[in-house]
Amino acid sequence: MADAPLLSVHGVSKRFGVVQALKDVSISAEAGSVLGLCGENGAGKSTLVKILMGMYRPDSGSIRLDGKPVVIRSTREGQGLGIALVSQELSLANDLSVEDNIWLGSNKVPLLHRSRALRRRAAEAVATLGLDPAILDRPVGTLSLAERQLVEIARNLCRDARVLILDEPTATLSDRDIAKLFAAIRGVAAQGCAVVYITHRLGEVFEICDRVAVLRNGRVAGSHVVADIDRGRLIEEMIGRQFEGMYPPAAGASEAAGTILDVRGLTIPSVAHDVSFAVAAGEIVGIAGQIGSGAAEVVRALAGLVPEAVGALTWRGRPLRIGTRADMLKAGFAFVSEDRGGEGMFRNLSIRNNLVVTAPRALSPLWLDRVRALDEAATYAAERVGIDTGRLPHPVSQLSGGNQQKVVFGRFLDKKQIAGNGGARRMPGLLLMNEPTRGVDVGARADLYRLMREYCRNGFGLVVYSSDLEELLGMSDSVITMYRGRVSGRYPGGEEHIAKVLADITHAPQSAQVSAPATRR
Amino acid sequence: MNVPGLSRAAFGRERVVWSVKAAVLAVIVGSAILTPGFVTPASAIATLDHAALIGLVALGMTFITISGNQLSLSLGATLSAAALVFVVTTGLGTWGACAAAILAGILLQAAQGLVIGYFGANPIIVSIAGLGLILGIGTHLTGGGEVYPAVADALKPLHARIGPLNMLIVVFLLGVVVAELLLSRTRFGRQLIAVGSSARAAAATGIRTPAVVTATYAVAGLFCALAGIIAAARFRYASLETGAGYDYDAFGSVLIGGTLLRGGFGSAWRTMMGALLLAAVHTILVLRGYSQEAQYILLGVFVLGAVCLSSSEER
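The listed protein sequences correspond, in order, to chains A and B.
Quick note on the working numbering: the first sequence kicks off at 1 and runs consecutively.
Quick note on the working numbering: the second sequence kicks off at 1 and runs consecutively.
Derived from the structure by calculation, the hints contain no laboratory data.
Backbone N, C-alpha and C fix where the C-beta goes; we use that ideal spot for every residue, glycine too.
Among the clues, some could well be false.
Examples of chain B residues lying across from chain A (beta carbon under 7 Å, computed) [as the list claims (entries may be wrong)]:
1. R187
2. S197
3. A204
4. G206
5. R236
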């Protein structure tokens, strides 16, 4: 690297009303290297990205490319300068082929005919990313999520992107796909691009990044060569306080408790086969598996969201037929979706109404609601999960991802304490969670883990699926692993088993576990 | 960073929305004061009366719009059908005929809600199909003409007045209160708003979405039937034309009131204000001697404006 870094940001500040989103932020990304960008929700990562993409103009400070100051007034100008963003929401047309998607909207494409040069260029781009060029003719709709992401990256490569910004690209990927993505990122960097890699998963910083910059409250809290820093230090910089144990200890007393849920031979045609496990009172059971292993679908099936699921359930000593979502809720099965924005919460409703949307009959009889009791229930739930009760009337969409998840969680809290006002309530006795901390920052994660433990204290059970293995093992009292729709292993919780679990879900021989994914974390 | 409503663009948009609203209100209030004869008790009652019939249908439409199903084009036809059932069944006595008409209105709309809720069919297309079926079958049964009540005395109780207020206005005002309570204070209302906010999230939460949608249309049918009964009592006959054209005015009232087209937000109170505003404009135009086409044009402008303003709020 000769002189100036490819991309450098100098003293950028940005204020929205009373909120100082960025304050004097300076970072730089070298050609051929990967810069990690970490920070909690609200730390300013998204604002910085939007400034780089020309969606916002900074109040002060400058952006330089190759040492030359540039002004980016629009997304189009940013793209013209070679700055590209691959966000979690992909902008691909599912019915068109990969090649068509790559060139869609590009000004290089002649109106009618397909040039061979374009085809070759696209083939080179996908090859750089480790994909078979034959993929160019497949409709994007037939590709996996990971492959679609790579197509989006290929599209940007074909538009001469020099700075590639990846915003939490692994949030929805399986471990194997993550390894592929990382290989692709290295390929992109080797071509002389600067990659800015935004992630919540600290393990990934150590795996893929050369340097890391940490944002906190809109300021740069630290900037390091990755080789010189350890995980604990990184977390401290992100949350600005000493990092204590992330996962609360298991209840312990639950050992003697009996089984509350027994699942026998749960089968979802062509997704999961003959899955059996049991949940004891007070126990957290984790289901580990890659995307496509059926793990997440098993959790959805128990929630009553997979109509074709069959299996024998014994719930608190009685047989239970897998019915509709409403039936399962009535039986006491609460569900937290992996898709918070689409399925988990009601974006336009207030925090209060999100909390009481499934209020029990005692508070909400057939005729008029007991409004006071509902308010108390919402206040109680907000206090328990740590949401400012003054914000109850505000739309839930104003909260950060972590707080939104707390609201979703708050719906299922034990409301026994308000039973005096509303009569006895039959609480959901089983909480089903998919990806409980997706898009949730480190500080809020610890809170959610604590809440999950507290939930189980009342003799309730919890079944959780997460693609974050460390989290899954850290939280669970026992773990079952799934591979291609079948149970492939059973383990006690605790991070010491991570290598075995990883081998199980990727079906890798134990000896091969030192390959890329195993070094993650 | 996620600071909704704080970006400069959003500030600007909000300012535009508010200034347009203020300007429209200023023009209407101004012309109301300047129009001779508007600020009188007689014209106030006339305005309320005009708002009430549209308003009853609009209350029904409000439920449909909040539930995320946008609008129905068969509410006017349902009003006509209920009016016909009422005059035909006057032999049962006033209240028997009312019950029959209400039952008819509820069934006609609930059937459409059933198809929309359980089959996920496009609500507007289903309502167009419903309109066709009601008009077709109705024409076959009535021959397309006017139908007069068998027992004219049965209409009498519906011509009663409470002070200066006629039955139509009383029913409308009571309807607003009931609809507002249903929406804001009941399990049904809460679930309805949740379904309108996100049908997927509602289903994942355990709300029986199809049942809620069916009930929503049943409530819409109830309000149409009330309008139909009162219209039949007032005109002393019913035909398939009785409710013609009400869908459009009702939908205009809902949107002008500020209930959002995308669902999940709105109120009966807003719809009442929307209906009153349209009625006030109507009265002003009549007093100033403008013809029907001026009203159509203004209504078109209002609906367009309301949609543009509210969709910029929705962003």
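Here's how the hints hold up against the structure:
no., hint, verdict
1, R187, "4 Å, holds"
2, S197, "4 Å, holds"
3, A204, "4 Å, holds"
4, G206, "3 Å, holds"
5, R236, "36 Å, violated"
In this structure, the one hint that does not hold is number 5.
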